[in-house]
Amino acid sequence: MGLFRYIVKRFLLFIPILFGITLVTFTITYFLPGDPAAVRLGGSPSVEALEEMRIKMGLYKPVWERYFIYMSDLLSGDLGKSYLTDRPVLYEIGDRVLATLELSFVSLFIIVVIGIPLGVISAFKKNSIIDHVARFVGVSGISIPSFWLGLVLIFLLFYVARIFPPPLGRLPPGIDEPARITGFYIVDSLLSGDLETLKLSLYYISLPAITTALVNLAPITRMTRSAVLDVLEKDYIKAARAAGLPERQIYKDALKNALIPILTTIGLSIGFMISGSIVIEKVFSWPGIGLFALQSIASNDHNPIQAYILIVGLTFALINLLTDIAYGFVDPRIKYG
Amino acid sequence: MDRENKTLTVPKTKEHPLRKTWRSIDYSWYVLRKNNLTLAGFFMIVFLLFLVILSPVIVIYDPYETDSDNVLSPPSWRHLFGTDQWGRDIFSRTIVATQLDLFIALTTVLASASVGAIIGAVSGYFGGKVDLLMQRVTDILLAFPSLILAMGIMAALGASFWNLMLTQFVIRIAIFIRVARGEMISQKENEYVEAAVCSGNSTSRIIIRHLLPNCITPVAVMTTLNFGYAILVTATLSFIGLGLNPPTAEWGLMISDGASYLVLGAWWLSIPGAFIVLAVLGFNLLGDGIRDLAG
Amino acid sequence: MSENLLLNVTKLSTNFYLYEGVMRVLDEISFQIRPREVFGLVGESGSGKTVASLSILRLILPPGRIISGEIFFEGTDLLKLPQKEFSKIRGKKISMIFQQSRTALNPFMKIGEQIARIYRTHEGLSKSEAMEKAIESLKRFRIPEAEKRVESYPHEFSLGMAQRVMIAMMMACNPKLLIADEPTTGLDVTTQAQILDLMKEARDKIGTSILLITHDLGVAAQTCDRLAVMHAGHIVEIADVEVLYGRPLHPYAKALLNSIPRVDKKVRISDIPGFVPSLLNPPKGCRFINRCPKVILGVCEKAKPEMIEIDRGHFVMCHLYEGK
Ligand SMILES: Nc1ncnc2c1ncn2[C@@H]1O[C@H](COP(=O)(O)OP(=O)(O)OP(=O)(O)O)[C@@H](O)[C@H]1O
Ligand SMILES: [Mg+2]
Chain Y
1 MGLFRYIVKR
11 FLLFIPILFG
21 ITLVTFTITY
31 FLPGDPAAVR
41 LGGSPSVEAL
51 EEMRIKMGLY
61 KPVWERYFIY
71 MSDLLSGDLG
81 KSYLTDRPVL
91 YEIGDRVLAT
101 LELSFVSLFI
111 IVVIGIPLGV
121 ISAFKKNSII
131 DHVARFVGVS
141 GISIPSFWLG
151 LVLIFLLFYV
161 ARIFPPPLGR
171 LPPGIDEPAR
181 ITGFYIVDSL
191 LSGDLETLKL
201 SLYYISLPAI
211 TTALVNLAPI
221 TRMTRSAVLD
231 VLEKDYIKAA
241 RAAGLPERQI
251 YKDALKNALI
261 PILTTIGLSI
271 GFMISGSIVI
281 EKVFSWPGIG
291 LFALQSIASN
301 DHNPIQAYIL
311 IVGLTFALIN
321 LLTDIAYGFV
331 DPRIKYG
Chain L
1 MDRENKTLTV
11 PKTKEHPLRK
21 TWRSIDYSWY
31 VLRKNNLTLA
41 GFFMIVFLLF
51 LVILSPVIVI
61 YDPYETDSDN
71 VLSPPSWRHL
81 FGTDQWGRDI
91 FSRTIVATQL
101 DLFIALTTVL
111 ASASVGAIIG
121 AVSGYFGGKV
131 DLLMQRVTDI
141 LLAFPSLILA
151 MGIMAALGAS
161 FWNLMLTQFV
171 IRIAIFIRVA
181 RGEMISQKEN
191 EYVEAAVCSG
201 NSTSRIIIRH
211 LLPNCITPVA
221 VMTTLNFGYA
231 ILVTATLSFI
241 GLGLNPPTAE
251 WGLMISDGAS
261 YLVLGAWWLS
271 IPGAFIVLAV
281 LGFNLLGDGI
291 RDLAG
Chain X
1 MSENLLLNVT
11 KLSTNFYLYE
21 GVMRVLDEIS
31 FQIRPREVFG
41 LVGESGSGKT
51 VASLSILRLI
61 LPPGRIISGE
71 IFFEGTDLLK
81 LPQKEFSKIR
91 GKKISMIFQQ
101 SRTALNPFMK
111 IGEQIARIYR
121 THEGLSKSEA
131 MEKAIESLKR
141 FRIPEAEKRV
151 ESYPHEFSLG
161 MAQRVMIAMM
171 MACNPKLLIA
181 DEPTTGLDVT
191 TQAQILDLMK
201 EARDKIGTSI
211 LLITHDLGVA
221 AQTCDRLAVM
231 HAGHIVEIAD
241 VEVLYGRPLH
251 PYAKALLNSI
261 PRVDKKVRIS
271 DIPGFVPSLL
281 NPPKGCRFIN
291 RCPKVILGVC
301 EKAKPEMIEI
311 DRGHFVMCHL
321 YEGK
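Chains as they are written, first to last, in this note's numbering: chain Y, 1 to 337; chain L, 1 to 295; chain X, 1 to 324.
If you are wondering where the hints come from, they were derived from the structure by calculation, not from laboratory data. Mixed in with the good hints, there may be bad ones.
[What the hints assert, rightly or not] Facing chain L, a subset of chain Y residues (Cβ under 8 Å, in silico):
| id | residue |
| --- | --- |
| 1 | Gly20 |
| 2 | Ile21 |
| 3 | Ile28 |
| 4 | Pro33 |
| 5 | Ile144 |
| 6 | Leu151 |
| 7 | Val152 |
| 8 | Ile154 |
| 9 | Phe272 |
| 10 | Ile305 |
| 11 | Ile309 |
| 12 | Phe316 |
| 13 | Ala317 |
Every residue, glycine too, gets a C-beta built ideally from N, C-alpha and C.
One chain only, chain Y, in its complex shape:
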């Protein structure tokens, strides 16, 4: 069957990319400043202790051997230890990934609910007032630096208007996190029936989510618009009109067929939100992987940095792969081709 072969082919093409990602990640880490041994030992260790540590950490081995070790560790699921905390990076990151994902999903929800209808309306009412406004808002959205927007919103909505909470992370200080089930505070507090925490976590996630959504709204709206417009200009839409089908039906067709490119943009947006989280998390002290990466850079803690770049690269590539595969499921030309 066509679909199966298509998916296998995609996966095969994915392998060299995976390899490339590890290569880039390794190279960047190799050149990171700071002496891992010194960071690992902390304090002011003696020259002998340092030397011993360097040998133990394999820093004197040739590059290719170090890459080989890195790869074999990676394949056995070992991302190394944080030099600072001496805990496995996987463990450190696992916690924070959920914070990043929770923020991304809430933002994505806002984007999908607002951005897609806006794009569809702009396309159907091309060159109307709504279209012009949506386009202008769209271009403005991608022209505003997210960190600045975050700061301005904090100033206006927290300091001045006092509507939103301070930018202090996922919950106010002193409040315990909900019983851990999924790691998403909203879901966990809901599941454990802790409505007070649910309210607080929704309250605390709102402003960072709105900021992320505003910055990422534009691409979705714009892509939706151009995808729908593209379909509307197709011959088969003309033919449907020539066959006298009602406009409502024609719009439905156009929407359905524009779904794939819209899907792709949603996928890309998730990627962008995860990479953009590094800035948003700093502004809102959101304890996700972005903030963790910045802290690790500041303290020369190599393994978490390496893991961060690897994870973001993998996620990005994986999303691309998944949207490709989604194409296969939706498009009959691939499915049965």
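Since the structure of chain Y is provided, determine the placement of chains L and X with the ligands on it from the hints.
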């Protein structure tokens, strides 16, 4: 589009590439006049360039001179945009920062556009093993979100002006290679290339005289759309401490400074932020217009 | 004669508003189609044939616009009908086969569904009834294994089969007029003949008139009753097929038809030297002036020639014949 091929007026392929370029410049001006948003973008950029040109006249304070008696002061006639936490004049710093941010964006984007276009074009023209390798390299570079790639490289090299220039160059060269390569491959099929080959032109002459000029349009669109993004990347990297170092007068760094005094008011971060928005929006509006006219 | 017309197009003009300026693609074209007739429209690529057919169905999208003219169909002016009313005519009384049937079928929808929903729209049938009718119409146009094929997607059909599906779809409601825009371009000779036969059969059985747009003079000669020759947005000559092939009057038509040694031999129109003049800033007078061997200086470039009836039913638009 296939509409193009249908007009039988004068066959497009016979038109000299330079003439085509000129026509597109002419058309650009037409679009500029017709489309208000594009025109607005154009004027935003012109305004900023104007400030840069006038900077010897309007920057009256040394942007690095501190003044401990006059810190965090609000706007006044003496200090148009007020002063920062070291008493430095924000207006002067903003203008100098405009110069710096625009310079970084323009030079690095143009550099990666021209180098990338040439690599992509040559690799697309000859194909073969080198082309395959080139494709894999661009695949890998494009596998990362460019901000993360930039962050990683800057973390490895350390924050500094030249490292930032290099990083900006590296993170977007892949996209230019890909665009130019794709265009070159579709151009190569055209009959006029065959004609040129048959009439005994040398390969380099064919590439330079016939093919490159025809690849310019998509590369140019890409270039304009990237100016804005490059400015955002500079500011963002500086903001997270991985771009330029304080006390450099740079928009992202100024916002980072202002963020520390947010409790006292948003004044210190709104000015540099507004300038970023002006510049990026200007380039994006302009780029949108150019993309529309390129089809 | 005018008492018995199905379609009467008078002085129809359509412009495209492009950045380079206004493109006068159709310049006051007029022609009539009678019931049960195959009316051919021939002309070079870019002469405006597709635009003419889209104009009749009011499918011209911005930047294009119909600027003037009348299109009377069974006594009502289509251009004056409200959108709602007009939708009821499209697909039911007038329908259109597109130049490339593959792209004119929705790639994401099974073809059975695509045909069935036309029955649902125009005849208010239920889902299952409509599907039965869809199968029936596929059979009518000789699609093998119609019951199975309704489940297929457009890309699974060969070009010729896709064209049949398109015809089945557009003939679903037995329209009075079928506009066929180059229905056989890109098909091999056998398939071409089959498709043309199918259409003629529909004319004979159902009485559908056909506006057949084509490049192919051989096809036109074999299929059409009357023929209009189009050049750069003008219809320059209209006549019965035998008359036109026997005694073409307009220099363009002459060049066109003289280049065919035998009627059944295929010669592409593009073999005529010179280019269609730019429709952007068309010459003020006759649009054939740059290519015409018989230019009357001082006349041809001054004014657009009138359409005159030389013989009964033989119209020509050329200064050579004015005052005769
Ligand atoms: N949507 C459009 N936008 C701009 N110009 C158009 C458009 N549609 C048609 N035209 C112009 O109108 C003219 C006539 O086009 P049309 O498609 O009717 O030609 P045609 O006679 O059908 O040619 P062909 O035999 O190639 O199908 C062409 O010069 C074309 O450039
Ligand atoms: Mg056509």
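These are the hints, each one checked on the structure:
{"no.": "1", "hint": "Gly20", "verdict": "holds, 3 Å"}
{"no.": "2", "hint": "Ile21", "verdict": "holds, 6 Å"}
{"no.": "3", "hint": "Ile28", "verdict": "holds, 4 Å"}
{"no.": "4", "hint": "Pro33", "verdict": "holds, 6 Å"}
{"no.": "5", "hint": "Ile144", "verdict": "holds, 5 Å"}
{"no.": "6", "hint": "Leu151", "verdict": "holds, 5 Å"}
{"no.": "7", "hint": "Val152", "verdict": "holds, 6 Å"}
{"no.": "8", "hint": "Ile154", "verdict": "holds, 7 Å"}
{"no.": "9", "hint": "Phe272", "verdict": "holds, 6 Å"}
{"no.": "10", "hint": "Ile305", "verdict": "holds, 6 Å"}
{"no.": "11", "hint": "Ile309", "verdict": "holds, 5 Å"}
{"no.": "12", "hint": "Phe316", "verdict": "holds, 6 Å"}
{"no.": "13", "hint": "Ala317", "verdict": "holds, 5 Å"}
The structure agrees with every numbered hint stated previously.
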